[in-house]
Amino acid sequence: MIESILGFSIARRQLVLTLVLAFGLYGAWNFQVLPIDAVPDITNIQVQVNTEAPGYSPLEVEQRITFPVETGLAGMPNLESTRSLSRYGLSQVTVVFDEGTDIYFARNLIDQRIAGLKGQLPPGFEPTMGPISTGLGEIFMYNVYAMNGATQDDGSPYDITALREIQDWIIRPQLILVDGVTEVNSSGGYKKQYHVTPDPTELMRYGLTFEKVVTALRNNNENRGAGYIESNGQQLLVRSPGQLQNITDIENVVIAKVENTPIRVRDVAEVAIGKELRTGAATRYGKEAVIGSAFMLMGENSRTVARDVATKLEEINTSLPPGIIAEAVYDRSDLVDKTITTVSTNLLEGALLVILILFLLLGNVRAAILTALVIPFSMLGTITGMVTTGVSANLMSLGALDFGLIVDGAVIIVENCVRRLSEAQRQTGTIPTRNERLTIVFDATNEVIRPSLFGISIITFVYLPIFALTGIEGKMFHPMAISVILALSTAMILSITLVPASLAVVMTGKISETENFLMRVIKRVYRPVLLLALKLRWLVSASVLGFVFFCIWLVTTLGSEFIPQLDEGDITLQALRIPGTGIDQAVRMQGTLENVITPLPEVLNVFSRIGTAEVATDPMPPAIADTFIQLKPRNQWPDPDKTKAEFIEELEELVSGVPGNNYEFTQPIQMRFNEMISGVRADLGVKVFGDDLNLLLIAATSIREVIENIDGASDVNMEQVGGLPVLTVTPNRDALARYGMNTSELQELVATAMGGEDAGIIYEGDRRFDLVVRLPESFRTDISRLERLPVWIGAQDEGAEFVPLLELADISTDVTPNQINRENGKRRVVVTSNIRGRDLTSFVEEAAQRIQAQVNLPPGYYIEFGGTFENLVSATQRLSIVVPVTLVIIFGILLMAFSNFRDALIIFTGVPLALTGGVLALWYRGMPLSISAGVGFIALSGVAVLNGLVMLSFIKSLFEKDGDLQRAIVEGAMTRLRPVLMTALVASLGFIPMALNIGTGAEVQRPIATVVIGGIISSTILTLIVLPALYHIAHFRKT
Amino acid sequence: MIKTTRKKPYRYLFLMLSLIVYLFSLISSATAEEEDEESFPIGEHGGRLLIEDDVVVELLLYERGIAPVFRAWVMRQGVAVTPGEWQINVELMRLGDEEESISFIAEDDFLTSSAAIEPPHSFDVEVNARIQGVSYEWEFESHQGRIEIDSEMAKQVGIRVSQVTNGIIHQTIPLYGKITPDPQQISYVTARYPGLIKSIIPAIGDEVRAGELLLTIEANDSLRTYEILSPIDGVVIERPGNTGEVAGEQSLLTIANYQIVWANLNVFLTDSQWIKPGQVVSISMGGLSTVGSIAYLNPGKGLSAQIQAIIILDNSDMQWIPGMLVEAEVTVQEFEVPLVITNLALQDIGGEQIVFIQVGELYETRKVELGRTDGNLTEVLGGLRQGERYVVENSYLLKADLQKSLAADDD
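For the record, the sequence lines run as chains A and B. The numbers in numbering that gives the first Met the number 0 rise by one with no breaks, and the one at position 957 of the first sequence is 956. The numbers in numbering that gives the first Met the number 0 rise by one with no breaks, and the one at position 68 of the second sequence is 67.
Be aware that a few hints might be false.
DSBU-like, lysine-lysine: derived pairs with alpha carbons at most 35 Å apart [what the hints assert, rightly or not]:
#, chain 1, residue 1, chain 2, residue 2
1, A, Lys-274, B, Lys-197
2, A, Lys-641, B, Lys-403
3, A, Lys-286, B, Lys-197
4, B, Lys-366, A, Lys-190
5, B, Lys-403, A, Lys-631
6, B, Lys-154, A, Lys-190
7, B, Lys-275, A, Lys-641
8, A, Lys-274, B, Lys-275
9, A, Lys-643, B, Lys-154
For each label pair, taking beta carbons as the anchor points, the in silico distance ranges come out as [to be verified]:
#, chain 1, residue 1, chain 2, residue 2, range
10, A, Asp-781, B, Val-358, 30 to 36 Å
11, B, Glu-368, A, Asn-708, 49 to 55 Å
12, A, Gly-754, B, Pro-230, 51 to 57 Å
Partial chain B-side listing against chain A, Cβ under 8 Å, derived [to be verified]:
#, residue
13, Ile-146
14, Ile-148
15, Phe-267
16, Gly-374
17, Tyr-395
18, Ala-399
Hints listed in this document are in silico derivations from the structure and should not be mistaken for laboratory results. Source: prediction; values computed, not measured. Each residue gets a CB set at the ideal place from its N, CA and C atoms; glycine is no exception.
Next up, chain B with everything else stripped away, as it sits in the complex (with noise of 0.2 Å):
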């Protein structure tokens, strides 16, 4: 009796058990789904795959080892078609650049394009064909560090640009010195022959001539007396020797023109080879400024790694005054340049400088070779051209846009 009746029962319990069993698996399973980015189907090679009817074409951007070219593949009902039986032409439209047509000669199996497709790799392309004669056509985009801003949103956050036109390079070196007098200038007036100073005329300050009586000096031996005048002009600034002393060797007077007077600037091992006699050099202190060149250069006295950029002031309005620390400018070299930017523009991404153009609301990055600098401008030697305008101000926004999918909360 209870054999028949036990049976229905258990399969209730087994319904029930699994019933509860599986809906936990089902929640446990639960995921949220998310959207795909954007594909394209990609064919045996590697290539983009455009398909028509039975037509498959396979375009291929091939890099590897070699200057960049377009290969391409045909099949027609999963057979490969031979290169004789079709013909192919790609249309290339770069950011702000005119249309560039790629015609294709055959090679092996495939079509492949006669000229290197030149940086950058980022275009709208249209793809036409005629396979067993009939005409394909088809378009795609295969954009590369392409950004879209609105006009307005630009504006607000700041985005400046400005074109790439021809520049003047303008290097410069800053260094550090002393004022120093110049030494022809300096004279330490020394009796000739030892004896008693019977006067000293001028008192320290003072202005004088070449020629101007300093001294008047009574010989040891002679006990005649006789004068010293001033060997140049200049302004009394030592005075050690009084009246009633003995004129021995030591400096009496010592008579100094500042009307001319040295920078002496220190030059480092790393900017010695860039520093040449002759430059350009503008010195500042303070309000003060002037210009000057590099008079000589003095390897000095071997003491230290360095060496003395002489320049040369005209000092008649007394305003350098020896001692005095100044900063100069060297402007080591000059170019004129057919292709400068900002250094504000430039961004590494991937390790490679790179800077925005813009076309409208479309921005893109341009890998740029760049040569000479001097820390304002950059000569661009390749990847812009003359009139392009490009992302001066806040380009790092543009980078962040376009980085910004590595960017997470990693904690």
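This is chain A alone, in the form it adopts within the complex (with noise of 0.2 Å):
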């Protein structure tokens, strides 16, 4: 079949490369499409059901609104998992589906059980979804300021609660329209409302009520229609316009008439612009800020958004009130546009290198530009697999791609053509007819087609293995694995197609194969070698198992990390505080860690979140902050040498000085990828799942006891669920009764008193504003004034028609859950452990066992065990079943190619001597072992098996042509000795620029690339002198 369709390429040449540049078109548009991020996403398929329960504890939140919205979510197809958290005025179900669920058929069917479940819910409650977007999708922030000076409409400066309004009516509509953009959230600031705040011996005074004043603000700000009437002919509507337009309005509202006067909200009230109850807040450079951030649609390409996002923002700008500025502080795009400029200019270096290669050994420019063609032609038909696949561009997709090894098979078929054409000129002495020269390009092609496929299809077998890596591993490493094996057969394909084609059409003329220099030296320098080598070939072969033992030992001294983490080349700097700090004390203290960094010189911007923005997809409570710090480029830096990782350092030595902080250091994307993939992200979590907090807490202590005391256990943590203060008011049901009232008319006043009543909106054209009344902050910040709070209990005797609140209630101030978390419909406190010292499987048996034997759980409690160990073990045991089947797959590939056991054999030992070269590197380089390093380890095999295959079925053919061992291997190794070199120069060079980067994301492709050349470098010098060694020991006998 391979011959059928080399000779149809052969000799329909045109049309072949015509298809081929249709192919390379297609690829080209493809482009356009493909979208391009800097990491893969390696988010779940997940929804969060948010619902916001303004005032209610997490206690009362987790029995109202979490639990029947988890109980209604649970039994939905393609389910994967539960959880939840249930905090002060939030609750949120994050429901995670199994892999491969359609994201949009998800939320249909959330929505279609949300809309079943309102029923359940206290009324005004509504579950909410949050926005259709991954990890990655938070790509544009922004922080909206008013310029020194610049003053409102009535003259005052700015404050922050009007920039907040700029953000939330003027901004965010227009953003939100952008392509791709699916949510805009606000946080700083203080949402507007307009504040009713009744002084409540005023209210006294005239026998009123907060109830009263509600009611009279509901029923006094309405328009009305009231339909038409035809006067004369012509159509009157008729509308009773009623609405409060403005502070004097609701002033003007009379709320009763006492002794034929009457009384106006002024007269007992105060009406002000309020600052809402928020739980969020943000700051920059030290003060409070507005700061908005934009969601990308899930699928969407983060750096066309991005830049539309930042387009939008600048045409915005235009158009804001004078001294406005909504100013970009963080753009996804800088970060894709710098991750992808380092991988494409290591690929275009690469590129070049091996065009330069080629042309060096090969000495016959044309050949070199035809070999090099495959390159641009591979990577359009890469690029149009993943557009199908549906792979994103970035750092892992494209970061093992080497032009090195996609051109492998194109080098070894154009050198034996380029080799048969001159030898053929050198014979006749004359240029070869066009049928002559189809003829020697056929033959040359056929003769090293096979063995150039199988290599090719080894390479791409061998990273089979990588599809058994699963959850997060699997979706970083997956794409690679895609990219490499799509790039691997469109050159493979090309091989068969693209090049003989192009070689027949090309390779006109005068072919000059000049021996170069370079070539001549090598060979003289090859010839006594490998005749030392065939002569001490016992010495050789122990000396080099004795050397791969060395290797091995080697491993062991290399540190290890699971997969490099991509330096996003910002900081977020997690400040924790407490549970229990106020969101304005936690301002404060942000304002004096931002004053902190501020100053520094490497640093550019310094801005943060604190709390829970508007749309809370990201819940956090008011104590902790996500400080986004900004750097400037390294040559602005006092110190450019100065590492990344050592700003860091001083960074957190600087700011451990900042009283009240803890501390945690992560990156804008790492960081969101940890707030929604959430698991346990130590290498053990036990679980504890039951009903009692109490108990929970007591089986989790007595657990962590249990296991602090196992060996090698370390970072022993319980999870920290109490410690948030609460101020409880209990009504005393006796003196309510004395009173002849019910609990929840004193609920209802603690709650308009406290938490504030909405009493209807106020609309300003588009915008509209909550109208809220609530106590004066001088009554709510008091405790000894809330004792007193005057509770109208109705005219009975003279003056008996109020009473103090302390007369009604038990005034209190406890300690509850902070946060209740939830996982599949049941309460969990989680104890994490890392492992250090000891294998992972043992040490989970163990703590099982003594768990078992040691903690009394109550009846209904139960444990499970899980957290990344899970993955580990699951990888590794994969992979330990995957890997040797992959190697059996390729054992067999070689059987077919040799129907020889032990050439088969031959050729495989090339795999261990390569995997030393790439451990000499690591450990040259001082670099852990890494997955990245593994995929590189993996490549190399795939090459190593390439080289043997070259080298050895050559020797094979000669040697069964010929009968003479000795002749048929030096022969078969010195005309070999130029594909070997090139294909491992092409393949080790074309890494050489990766290896060497230092630009953003080059520290994932670095392990890559630096195990790939130096397991080059040692599979080369291997195979040239130890696999003939190996043959002739193999093959001894035979003679």
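Using the hints, put the two chains back together into the complex; each one sits in its own frame.
Right, here's the structure in full:
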């Protein structure tokens, strides 16, 4: 079949070339729609269901909202798990679906369920779904601020509430229309509200209550339409406007008539623009700020969307009130651009190096260019494949592409053709005719097509074990495997179509194949070395074996990490404070922190988000702040040689002097992923499920003690659930009975007084603002005044209409759960531990046994083990099956190629020999083992096999033809020296830019490149020297 | 032929497989290293081990069931040294305090400190021991609840300190009530004998003096005209009668004297035990205010569970109008106490009330025993001394710093 394809390609070469060109154009078109991102998206398929419950404490939120929502969502198709958290004022249920579930299908299901749920929730509570976005979704952030001296219409300077109003009502509605944006979130400032704050004494004076104020406002704030009338043939619509327009309107609302005097709102209350009870804030450079962030719709192209948002923001800026500026503070396209620059520079430089090597070794410009042509076409083919399979272009997917590997097959074919053509010319002394040329090209290609196809397919095959990785590792590395496999298969197809066809077209005229100087020197050195190696074959084999063992030992000295982290350039510093820290306190503490960070010469920009933003995409309590620190380009640093790690160390030292904060350093995307995936991030997590929080805590505490005492346990931690101080107003039922009151009346009053009650909406054009009635701040913040809050108990005896709150309720401060976490419908507390210096499985087994023996769980309580150990164990297990299976498959292919067990095995020995070089290279550069390095080893195995194949197939055919082992080996090795060197050189040089680059994103590629370069050097040397020796040993008796 | 060659390639295959599997198992056990916390060796009794040469001293602060004491054991070359063969002396240096010297006496197989070790148990420790004729010296720090904050930083974050001094606790209770007329100063003028009202002199709002002529009435029986004079000084506030009407038993004029009014304050059950006649009350309404004292308590008519505290107010300038709602602060008790702190300074840590004392750049928690409070100042019964500097403002930051290890991102 291969022969017929070859024949067709050569015979109908113009047609084939046209088809390849068309295929290339299709790829170029696909390039336009290829999603480009910095890293692969590792978020699972999840939908957040948020329900805001203003004023509800965690326990009530859980009981009244989270539980019904969770139960209502149970049992959906493709549901993987649910988890929830109940926090002050917010219930969030995260529903995780099986991989591959269509997000819109999932959201539809949830929507249906939510609709059915509404009856079970307290009235007025609406569960809403979070934005259709992923961990990569938060692509753009901006800060709205006023320039010095800018004033509002009434002449006062802009305050934070006014800025928030601009964000909410001018900027957000425009940005959300940008294509690909699914949500624009606001944090910081206060949502503008109209506040009516009645003075309790004044109310008492007129015998009024909060309720009356609220009712009066509600009854005086409506426009009514009243149909139409006809008057002299003309239709007149009838309307009766009654909406409150401004503060004066509100002040003039009549609450009641007392002794014939109308009592207006202004008589008993103050009306002003007030501050909402916010759950989040934002700061920049140490001052309160308004920060907006745009979320990208799932599956969009982050670079394009971020750019569009930036352009739109520019446009919006021109229409903002004078002196107001919305400045971009985070733009994902920066990172994507930088990463893509790194990757494309690497690819481009790699390609150039490959062409250079081809030219140097082939000594034929046309042949070199022809070979290099495979690079762009296979790249375009890869892009087409990526678009089809939905893989985005990113650091990982493009990171392992090596043009050297891609052209390997073509190199072998072109080399052989050039050699054969020039040989033919030398023999006949004339330029061959067209037919002769075509025959030579066909023969030459056919001669090497099998080993080169086998070689490429083997390289392709070795990438298959990567698909055995699951979870986050899988999501990180599958794109890499997909794109490499795509590139290699395209190259494979091209090497039987484009390559022979263009060879047939281009290789006309005189073929100058000059054994150039370089090759001659190499050959002169190689021959004696080879002869020596054959002579000392046993010594060579033994010492190589020793070397392999040395490298195995060396591996144990290398450090290890799971996945190298992409350096995003920016830093996120999470400032963690004790639970119960108030939002204003947190803002002050954050201000101090930012004031310390801002003056650093390396820092370009500092801003933070505290607590939860408007849309609870990341429900943090006020005690947690995400500080974004953007750094200046390194050349602007006072010491440009300082590494980022060193800077972070200095920063950590500096901020540890700011009292009251605990810190975690991450990066924006990394943090977002952590928040969204949010599983147990330690090696082992013991989850205790049950009903009673106290019992759960007791159980978790004893589990923690047990684990702490197990060898190898470190960083043992228990989830903090307690610690939220609460002011409890417990109705005193006896006292209420005395006054003939219901508890709900009292609770209503407390809720209205403290939390405020919505009394309607004030419209200003499109903008709408809540009208809220609540106690003046001086009362709300002073517990002793609250105790004296007069409660209306209805007219009885004169002077007894009001009693102080203290009379009717017990007021005390308590500590309650800060947050209640549930998983799959049950409350849970997690104890986490990392494991050091011990293998995971035995640790987990021991932990399970000891917990079983020593911890007494109440009936109905149960334990689950989780944590990254599961992934690690399953990944190791899968790999330890899949890797050998792959090796067996490769071996099978080799057997097919040689139909000889021994030869296949000899080629196989190239693999450990190649790995030694990789290990040495890692050790030399002081790099740890990682999955990236592992991928490098995988690629290496393929290259090693390819080399051996090329070498051995030739020796074998010579040996079979001739029967003289020594001569066959020497001749074969000498002839194959050039292609082996070429494939090796192009493969390793193609990776050199990747290994040396220090740009953004390079840290992920570096291990792969390092391993491959080191491995190829060792594998080439060993293929050239050890392989012939082994072949000699294996076949010596035959002669 | 094949048999002989098979062995070796198998070995390679096995080698390679094991290498690859090994590589992955190494990768999978990858974890980050983390530094250890400050730690010291712990002995068999649970105390801190002090080691020099072949001598090991174990020093334990024993606080189980008894007042806390130090206990010390000595081992030489792993063998316990009997208490007779060694002496030990411990110097404790607490923050902002003088050195305390602790002497030890023998008990069972150990030495114990002769006196109880008072809290706070946060100190620099200097141990001097003489064991079998050789002198040893150790020093270590054993700090609890201690934080160091750069003074510049403390200023920046607004940590302000004050001294523990004597002060006055001024306990008050707020009450609400109404201004009412003094019932003794209201006079309802009626006709002594029923008859026709011949004339009625004052109009509403007129001031009248005691003895001034108010009405002339012609009695029905005698048809003689008689006069009614004003019983009190006051103002006419009601005038239901008119000339020509027949006066029966109804009131014809109401004369009220508002020179003196009552503030009638409602006292509810929760407060009633504290309110006593004679207590000083400051009364206010809007911008008006005055000070009086509780004249008497009126238990009321039994319709509601509250009593009325009555304050008699001089109203010669007529600023208190009956019917006004007033707020009042009753000074319930006043004490002069030797040690007070402001309530701002108090923080709750683990259910205990603490304050932070400051010495230079060091801050340390002091568990305080509190006495009476007035919502502003609180009496200190124990845990602090006169003149110690304690953190008044932003003590929350110190609490947050102390407990920051508890702060974690738990989602």
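A quick look at each hint next to the structure:
At most 35 Å may separate the alpha-carbon atoms for a hinted pair to count; Lys-274/A and Lys-197/B exceed this at roughly 67 Å. Taking the CA atoms of Lys-641/A and Lys-403/B, the gap is near 30 Å; set against the 35 Å cutoff, the hint holds. In summary, the hint linking Lys-286/A to Lys-197/B is not supported, as the alpha carbons are separated by about 82 Å, beyond the 35 Å threshold. About 41 Å separates the Cα atoms of Lys-366/B and Lys-190/A, which puts this hinted pair outside 35 Å; it is violated.
Simply put, Lys-403/B and Lys-631/A have alpha-carbon atoms about 30 Å apart, close enough for the 35 Å limit, and the pair holds. Between Lys-154/B and Lys-190/A the alpha-carbon distance is near 32 Å, which keeps this suggested pair within the 35 Å criterion. Proximity of Lys-275/B to Lys-641/A is assessed by CA-CA distance (about 75 Å); at most 35 Å being required, the pair is judged violated. At most 35 Å may separate the alpha-carbon atoms for a hinted pair to count; Lys-274/A and Lys-275/B exceed this at roughly 42 Å.
At roughly 31 Å between alpha-carbon atoms, Lys-643/A and Lys-154/B fall within 35 Å of each other, so this suggested pair holds. Between Asp-781/A and Val-358/B the Cβ separation comes to about 32 Å, which falls inside the hinted range of 30 to 36 Å. Here the CB-CB span from Glu-368/B to Asn-708/A is close to 37 Å, at odds with the stated 49 to 55 Å. For the pair Gly-754/A and Pro-230/B, the supplied restraint of 51 to 57 Å holds, since their beta-carbon distance comes to about 56 Å.
Look at Ile-146/B: its Cβ gets to within about 7 Å of chain A, closer than 8 Å, so that hint holds up. About 5 Å separates the beta-carbon of Ile-148/B from the nearest beta-carbon of chain A, less than 8 Å, and the hint is met. Among the interface hints, the one on Phe-267/B holds; its C-beta lies about 5 Å from the nearest C-beta in chain A, closer than the 8 Å criterion. About 5 Å separates the beta-carbon of Gly-374/B from the nearest beta-carbon of chain A, less than 8 Å, and the hint is met.
Taking 8 Å as the C-beta contact cut-off toward chain A, the hint placing Tyr-395/B at the interface holds, the least distance being around 6 Å. At its closest, the beta carbon of Ala-399/B sits 3 Å from a beta carbon of chain A; the interface hint therefore holds under the 8 Å criterion.
This entry does not satisfy hints 1, 3, 4, 7, 8, 11, going by the numbered hints stated previously.
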